[in-house]
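> Next come the chains, spelled out residue by residue.
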Amino acid sequence: MKTRQFVRIGALVIAGAILTAACSSKDAPNSGSATKNTDDTVKGLSVDYTKLSATLNASGSTFQAALEEAAISAFQEQAAKVTVNYAGGGSGKGKTDLQGKVVDFAGSDSLIKPEDVAKYQGGAVLYFPIAAAPITLAYQLDGVDKLQLSPDTIAKIFQAQITKWDDDAIKTDNPGATLPSTPIIVVHRSDGSGTTSNFTGFLTKAAPTTWTLGKGDTVNWPASPAGNGNQGVAQLIGNGTGTLKGSNGAIGYVDFADAKATNLKIASIKNAAGKFVAPSLAGVSAALDATTPNADLTYDPLNAAGDTTYPIATPTWILVYKNQTDKAKGEALKGYLNFLLTDGQALNESVNFAKLPTAYRTKAIAQLNSIVIPS
Amino acid sequence: MAAIDVTRDASSLRTGAVSRSRKRRDRIATAAMWGAFAAAALPLAFILFYVVRAGMHLFSYDFLITNIPIISSQPGPGMAPAVVGTLLITGTATLIAVPLGVLGALYLNEYGKQRPLANLIRLMTDVMSGVPSIVMGLFIYTIWVLRYGLSAFAGALALACLMLPIIVRTSEEMLRLVPANLREASAALGSRTWRTTVRVVVPAALPGIVSGAMLAVARAAGETAPLLFTIGLVSKPNTKLFGANTALSAQIFRNAQVPFPAAQQRAWAAALTLIVLVFLLTLASRVITARFARK
Amino acid sequence: MNQASLAEQRTGGRIADQAFRLLTLLAGLTILVVLVLIAFTTVNNALPAFRHSGLSFLTSREWIPNEGKFGALPFIYGTAVIAVIAVMLAVPVSVGIALFVTEVAPRRMRSSVVSVMDLLAVIPSVVFGLWGILVLAPSIASVYNSVSDAVEPVPVFTTVFNHTQTGRSYFTAGLILALMITPIITSITREVFATVPRNDKDGALALGATRWEMVKGVVFPHSIGGMVGATMLGLGRAMGETIAVALVIGSTPHIVGNLFASGDAMPAVIANEFGEASGVHRAALIGLGVALFAITVLVNVSARFVVRRIDVRLRGLA
Chain A
24 MKTRQFVRIG
34 ALVIAGAILT
44 AACSSKDAPN
54 SGSATKNTDD
64 TVKGLSVDYT
74 KLSATLNASG
84 STFQAALEEA
94 AISAFQEQAA
104 KVTVNYAGGG
114 SGKGKTDLQG
124 KVVDFAGSDS
134 LIKPEDVAKY
144 QGGAVLYFPI
154 AAAPITLAYQ
164 LDGVDKLQLS
174 PDTIAKIFQA
184 QITKWDDDAI
194 KTDNPGATLP
204 STPIIVVHRS
214 DGSGTTSNFT
224 GFLTKAAPTT
234 WTLGKGDTVN
244 WPASPAGNGN
254 QGVAQLIGNG
264 TGTLKGSNGA
274 IGYVDFADAK
284 ATNLKIASIK
294 NAAGKFVAPS
304 LAGVSAALDA
314 TTPNADLTYD
324 PLNAAGDTTY
334 PIATPTWILV
344 YKNQTDKAKG
354 EALKGYLNFL
364 LTDGQALNES
374 VNFAKLPTAY
384 RTKAIAQLNS
394 IVIPS
Chain B
12 MAAIDVTRDA
22 SSLRTGAVSR
32 SRKRRDRIAT
42 AAMWGAFAAA
52 ALPLAFILFY
62 VVRAGMHLFS
72 YDFLITNIPI
82 ISSQPGPGMA
92 PAVVGTLLIT
102 GTATLIAVPL
112 GVLGALYLNE
122 YGKQRPLANL
132 IRLMTDVMSG
142 VPSIVMGLFI
152 YTIWVLRYGL
162 SAFAGALALA
172 CLMLPIIVRT
182 SEEMLRLVPA
192 NLREASAALG
202 SRTWRTTVRV
212 VVPAALPGIV
222 SGAMLAVARA
232 AGETAPLLFT
242 IGLVSKPNTK
252 LFGANTALSA
262 QIFRNAQVPF
272 PAAQQRAWAA
282 ALTLIVLVFL
292 LTLASRVITA
302 RFARK
Chain C
9 MNQASLAEQR
19 TGGRIADQAF
29 RLLTLLAGLT
39 ILVVLVLIAF
49 TTVNNALPAF
59 RHSGLSFLTS
69 REWIPNEGKF
79 GALPFIYGTA
89 VIAVIAVMLA
99 VPVSVGIALF
109 VTEVAPRRMR
119 SSVVSVMDLL
129 AVIPSVVFGL
139 WGILVLAPSI
149 ASVYNSVSDA
159 VEPVPVFTTV
169 FNHTQTGRSY
179 FTAGLILALM
189 ITPIITSITR
199 EVFATVPRND
209 KDGALALGAT
219 RWEMVKGVVF
229 PHSIGGMVGA
239 TMLGLGRAMG
249 ETIAVALVIG
259 STPHIVGNLF
269 ASGDAMPAVI
279 ANEFGEASGV
289 HRAALIGLGV
299 ALFAITVLVN
309 VSARFVVRRI
319 DVRLRGLA
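Residue numbers (the numbering used here), protein chains in the order written: chain A, 24 to 398; chain B, 12 to 306; chain C, 9 to 326.
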């Protein structure tokens with residue numbers, strides 16, 4: 024009978040696989056102990072986290088995803104009745120979702136375009152900077168563990184004007200290194216990305232004559248494979264081992280946290296002062312110190328001056344509506360932002376993000392008071 | 012007299028008269044057919060084995076009840092919210108689509124028959140079954156999510172739109188298979204149409220309708236595209252119809268694009284869970300057909 | 009039972025009858041309304057894009073949302089290419105399996121084979137996609153490159169089978185789609201083969217035909233209509249598949265001949281870009297959805313038309 028055959032075959036398949044299963048013991052659940060880090064450098068608002076009660080939905084930048092995850096985990100331990108869901112999806116998605124009020128806040132590494140301001144149904148939007156981190160040029164190339172790249176070379180690579188790893192331009196950037204003639208596989212983002220915006224913004228600033236594709240959440244890349252989110256790009260580049268195989272010869276732009284978590288090789292970039300600087304949090308802090316934020320807390324640390332600054336230091340913000348419509352949600356939002364700017368900053372470095380300089384944090388905390396919450 | 016198997020008897024007539032090249036062609040063709048079976052069966056076996064083996068690392072009762080780790084690179088089990096979500100969303104979609112679909116099929120087969128309205132509905136149902144699943148998701152996004160937010164209910168609406176044409180079509184077919192004399196006999200005994208339908212026709216067609224519905228449910232449980240823009244994301248189970256939720260298929264899609272082995276392991280275990288769920292539904296559908304359809 | 013109570017029963021029953029009839033009618037109308045609503049809302053939401061781009065929406069090769077350029081041709085091309093690859097791989101295999109089940113397999117094996125096909129049919133597409141992106145694509149890249157090196161001397165082949173970059177490509181998507189549509193093509197083809205009259209088959213064998221000659225001469229001519237119908241059904245399904253394709257196609261909107269290059273397809277780009285799209289971009293993506301729907305309907309309708317024509321011609325059905 025057909026049913027019996029069906030059952031027989033299904034059972035055979037499952038039994039056979041169980042017998043050949045390599046791992047026998049299941050992983051013990053991680054107790055996820057977050058060391059109780061606190062940061063007293065800047066005084067925040069006095070908020071009683073335990074009194075907050077709401078569910079906040081958010082989406083947006085995958086660049087800040089690693090930080091959001093750590094922060095939400097720690098915050099929910101203190102604010103037991105608050106649930107924050109951060110869905111990622113790219114800065115473009117976060118902004119669009121916020122426009123339609125589908126989410127309560129959005130993560131974004133890029134600014135709202137002037138022509139889009141009217142689309143935000145909730146009115147005025149506030150920018151809250153929470154961290155900054157390097158965008159790395161991550162790559163996979165057999166036998167090449169150290170790589171230096173100048174902005175012009177990067178521009179040419181991503182415009183498909185340089186197609187092999189042993190091209191003269193790359194050789195000039197890396198005197199004395201032996202480079203294979205592997206074809207370069209450029210990986211870009213398939214979704215609308217603040218990381219793309221900052222990367223292309225850097226190239227516009229640092230290689231103005233070579234870079235022709237402009238700046239934006241999406242640009243007209245020459246044909247090459249694309250990944251979804253910073254994580255998708257990291258997956259495509261890969262490090263050649265096991266499930267992270269990726270492709271030999273691949274190069275792409277990935278946030279520092281994900282590049283490190285995936286063990287990708289990363290290049291040192293030539294900064295405005297002419298020095299090749301490896302991606303580091305110190306390099307980003309130097310860039311932030313050399314930049315002054317605007318009144319609305321937007322700022323541009325790309326290609327900043329200084330010998331030790333990392334040129335592709337990337338800002339990232341949380342966008343919220345100035346006028347909140349729900350009291351519980353508004354309070355929870357304010358509380359979460361306050362946490363991110365005070366105790367939460369202690370988490371930044373552990374997840375490969377640079378802390379904000381004191382000046383930025385003070386201004387951001389002051390801006391918290393502009394959020395209007397109904398009574 | 013013993014039944015004659017013409018095929019076997021004919022082959023004994025063949026051996027003498029068939030040229031070698033014809034025989035060779037025949038053998039090649041037969042080998043090709045075996046090869047075709049292998050070409051489909053081997054990848055299937057490989058995929059299933061891979062899913063089971065990769066999924067077994069984390070698959071356990073614990074896996075089904077532990078929450079999804081907020082930090083996606085953190086190893087360890089947990090897809091509880093996704094299991095809850097899949098069951099909630101698929102269950103709600105079934106509750107919407109099955110009554111609507113069966114009643115619609117009843118109209119088409121018992122009342123509307125070949126009238127223009129019924130034919131129009133049939134045509135539209137056929138057309139609707141060709142709508143790409145992602146378009147259903149976009150539809151619900153524009154008319155519902157933008158007004159009432161992300162929720163399991165929105166996802167259920169999108170899945171119900173997908174299930175509806177299938178249920179209408181299979182139910183109508185099952186109703187059509189009920190012999191006319193059953194209806195006539197019931198009417199002859201003085202029953203009105205509605206009574207005949209409810210007391211005689213539906214029970215006769217029920218096994219087929221139920222098994223067809225279960226296949227539609229199995230298909231809906233595995234769908235991802237309609238849920239992409241309608242349900243959002245959560246890390247703790249949400250048993251309410253409203254508010255953001257997640258589902259096994261959505262989680263698998265998400266974790267498939269992430270380079271963290273821990274997240275990928277959870278994806279494999281979730282895939283195993285989903286396959287087990289879908290297999291159980293399909294199996295139940297077969298059992299119902301086999302057990303009850305022969306009277 | 010006396011006349012009075014019988015009459016009572018009939019009048020009381022009349023209200024219930026009308027009510028029930030109304031209920032079913034409402035259900036039928038609801039279905040109709042839902043579909044009309046889907047058609048209306050999606051087309052309405054897509055109009056801004058058509059107004060913005062005009063005919064170039066379907067003919068332009070440039071999809072640059074940043075600059076307001078929405079040409080759908082790369083996606084139409086991608087969808088067509090992967091669907092054709094899928095069908096070219098799936099149909100011979102499906103026909104082979106259907107023949108296997110109806111003619112070759114020992115009777116005891118038949119139900120096992122059918123069960124295997126049914127198992128393949130219920131595996132969700134996201135599981136195929138997961139396997140495709142994490143297992144198939146990375147390992148098949150080297151196979152593609154070996155093939156590419158092997159066919160280098162031949163001019164036409166070297167365009168079509170050139171080097172791959174990451175293994176995510178038109179061909180990988182087509183391969184996975186082939187696995188996904190094989191069960192349905194097999195199932196329909198099998199049913200069609202089962203309707204071939206036993207007499208015709210036995211007659212051919214009695215005249216001395218080998219089994220393959222019998223299949224060629226009796227089964228195929230009888231079933232061509234059904235086989236074409238099954239193929240086109242599979243084609244329609246391959247075109248509409250979103251998730252597995254989105255994961256393994258590589259998300260590169262362009263038009264190239266290299267089947268091993270990464271590309272993009274209509275449902276895949278909608279899945280990838282809709283989340284962040286607003287304004288005309290969103291309308292353009294919905295427009296892609298409408299276009300895809302239209303193409304699928306066209307394929308289904310022409311399938312029915314072609315099947316009917318073949319049946320009329322071959323078997324004289326009026």
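Bear in mind the hints are in silico, worked out from the structure with no lab data behind them. Please read all numbers here as calculations on a predicted model, not as lab measurements. Just so you know, even glycine gets a beta-carbon here, dropped at the ideal spot from N, CA and C. Watch out, some of these pointers could steer you wrong.
[Said to hold, decoys possible] Some chain C residues judged to face chain A by a derived CB distance under 8 Å, without partners named:
hint, residue
1, T49
2, N52
3, H60
4, R69
5, P73
6, G76
7, G79
8, L142
9, A149
10, Q173
11, T260
12, G265
13, N280
14, E281
15, G283
[Claimed, not checked] Estimated spans, in silico, between C-beta atoms of each pair:
hint, chain 1, residue 1, chain 2, residue 2, range
16, C, L55, A, A313, 41 to 51 Å
17, A, N243, B, W45, 27 to 37 Å
18, B, F253, A, Q184, 49 to 59 Å
19, C, G265, A, A382, 29 to 39 Å
20, C, M96, A, A328, 52 to 62 Å
21, B, A196, C, P114, 19 to 29 Å
22, B, R158, A, K350, 20 to 30 Å
> Which of the listed hints are broken here?
1, 2, 3, 4, 6, 7, 12, 17, 19 and 21
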